[in-house]
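**Student:** So the chains spell out like this:
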Amino acid sequence: MEDKVIIKFDNVSFAYEASEEDTAATQVVDGFSLDVPKGQFLAVLGHNGCGKSTVAKLINGILVPSAGKVTVDGLDTADDDKVTDVRRTVGMVFQNPDNQIVATIVEDDVAFGPENLGMPPHEIRKRVDDALKAVGMYEFRDREPHRLSGGQKQRVAIAGIIAMNTKCIVMDEPTAMLDPHGRQEVMDTIQMLNKERGITVILITHYMDEAVKADRVVVMDKGEIVLDGVPRDVFKNVEKLKSLGLDVPQATELAYRLRKAGLDIPDNILDEKECAEAILAALEVK
Amino acid sequence: MIKDITIGQYFIGDSLLHRLDARMKIILTIAFIVSIFICKSFPALLLMVLFTFVVVLISKVPVKMVLKSVKPIAIIVAFTSILNIFYVRGGTPLVDWRFIHITSNGVFTAIFMAVRIVCLVIISSMLTYTTTPTMLTDAIEKLLSPLKLFKIPVSTLAMMMTLALRFIPTLIDEIDRITNAQKARGANLDDGNFIERVKALVPIIVPLFVSSIRRAYELADAMDCRCYTGGPGRTRMKQMKLHPRDFAALAVVVLLIAGIVLLNIYFKAVLVR
Amino acid sequence: MPILSAKGVTHLYNKGTPSQAKAIYNVNVEIEEGELVGLIGHTGSGKSTLVQHFNGILKPDEGQIFVDGKDIWADKKATREARFKVGLCFQYPEYQLFEETVYKDISFGPKNMGLSEEEINSRVLLAAEYVGLKKELLEKSPFDLSGGEKRRAAIAGVIAMQPKVLILDEPTAGLDPKGRDKILDMIKSYREKTGSTVLLVSHSMEDVAKIATKVLVMNKSRVEMYGTVDEVYSHSEELRKIGLNIPQVSKVFEILKQKGCDLGTAYTVEKAAEVILSKGGANV
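Chains as they are written, first to last, in the numbering used here: chain A, 13 to 298; chain B, 20 to 292; chain C, 1268 to 1551.
Hints should not be assumed to be uniformly reliable.
Unchecked claim - Only some residues are given here: those of chain A computed to face chain B with a beta carbon under 7 Å:
no., residue
1, Gly51
2, Phe53
3, Phe106
4, Asp110
5, Asn128
6, Ile136
7, Asn249
Don't read these hints as lab results, they were simulated from the structure. Just so it is clear, CB atoms sit at the ideal spot from N, CA and C, and this is done for glycine as well.
Using the sequences and the hints given, assemble the complete structure.
**Tutor:** And the structure:
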């Protein structure tokens, strides 16, 4: 069983150091434990400031825990000698696409990671082409990144990670700054990488429609996990989610309201089809 | 929209000049600048002008754009020419009226200096017209790499240059956005005396600074995540390779310099200095 | 008389260069006073370009812009007046904060209007109240606020100019659901309290359905549709064609209709629940 887990948080705590103004150190994550199996598509939900970004940064050693242990494919992220290995295993995509692209040409940017790993040039070329094709940006390889749309930039950033052959990608709100079209592009790319390449995906988001597509949803609040399960089970907890400042899909919320008002509608509705069918059934019974 | 400006002045094309190795182009440009300064007779000057002309033709960069690059220095050229005409003495006196003394040497020097400066600017802008900033950065990194022996962090400096090039359009875009936002709050950026105008820039500079610092932090994290250490062991996908055409270009420039030297010997030097 | 109107407005970008293109083309629209208009359209449809015309940040290449019946490019004074009559809050407005304190930052706009000290003071306090910023935050540095608070402080900076029309370009972008709801509630109550006209540029058909009275749809540099929420949202096929998606609850109603259960239309969860319950109730 153990070897199937790629990322393991074992009773992890993390606090930002006290600054001049804030005399108390801010405890962001406290006694946090989580196992992520290989190949899983995990969505982490939570309002801003619930500690989810900290969890992301703990995964590949940008931050190291103040207590407890984070292991990535068996490697301890706190071990300085292993940090490069950790980062070859877990790649990270951030919210602002502009602030993670380093080169003036798309393909040069994708090559950045493999170049840092000291790979031979022809091998880099192969990986870059492959990665760009995977995210559907191959035709844009000669372009300047600042002329691309937000969704395209984000796909270039993702290509830069898969060119390093990482087994796992952590994405910290990758769609927060995108328009609906860009969000769709990025979501399609994420799902494809997970399904076709078996890459473990940890998607941090506050968009419920994105979380619905995951294999598993973890909801965080005040640095702790409050809900954990398949989307269908997690979204049952409409009231709990709302009290945490989160949304549920509209179909789920509609079903929830109708059930509360006395209609006979199941509590595990996720999409519009299920919702319509449940309503039809309920109305006909009446 | 302001973000559509091109950085540097690269002119997209596929001419022979575009395809030359950037390192070779830098070296040849330097060689040409040297030849400008050894050129001392009119026939040699003519050869240089001819060469410059041919280079422009080969590059297929429109003459209009080339002239545009000369425009900013037109005043300097005019100014030095006038100084030369009036102050260089010797040769046959041409005008001798009250305090104005113009001699043949003065006129020759003026022509020489003007032509030299214009050729210099045209040839150097040919380098930037036909080479992308990225290629230039890579070439400079390669050319300076021997300095690593003296512990000079050439790759780090080159990385910094690449990042600067990468973020210039982003920052221009940002300045544009912040300026508009402050204008919408009634900021008056166009009127007032110097001090008022400088003061009016505070609402633009402060947010720009804040956001640049934030960008720098995020970028540093992103680079860390992609295993950038700044240390040795980094390879490059794009390898620079010299082709026969690069050696041919080298030969041409060597011949040019030889020609200039010969013409200097066979014809009377115009410039005394 | 409409408060805002655009007559045959065309704006080109990269004018005179090979990449010249029309950002908006022959836009004609009239917005009545007191409406809360949701402006939707995908990126590049011209919606941001259009709103920047209303306060004179951009000048039309063709056509005219009228604010309160006045051509804003008639003379310099009219242009400056438009700046203050139409308050425009850009996307990610928190990146425009620059003063030492939140109070000073909010007062930047009123100061530029040349108002008296007392007037500025009362406007700042009122604006802070509208956006729900607590008084003790006003003396803090804007850079010490949380993300959502920064956003609201920046919006207060525009509201403090007490414009007749408030335009917000994607005010909820990048916020979490709680932050988003706070901003939407604030916009709604601001309009109710002040009677101002509000233009809300948004990507979210759900948000617009929640608070707008009218919807303006832009597509390919032109105005595609303008009407009430019901009028516009009932054209779900056309909306889909131009890359806009109707809210999920509306899809539920569409499916119900296909299956022979026509309940009419609903664009918000509240409305949908109400409709279904009244129908369900009638069947009992």
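**Student:** Return the numbers of the hints above that this structure violates; sort them in rising order.
**Tutor:** Numbers 1, 2, 7 - these are the hints that the structure violates, sorted from lowest upward.
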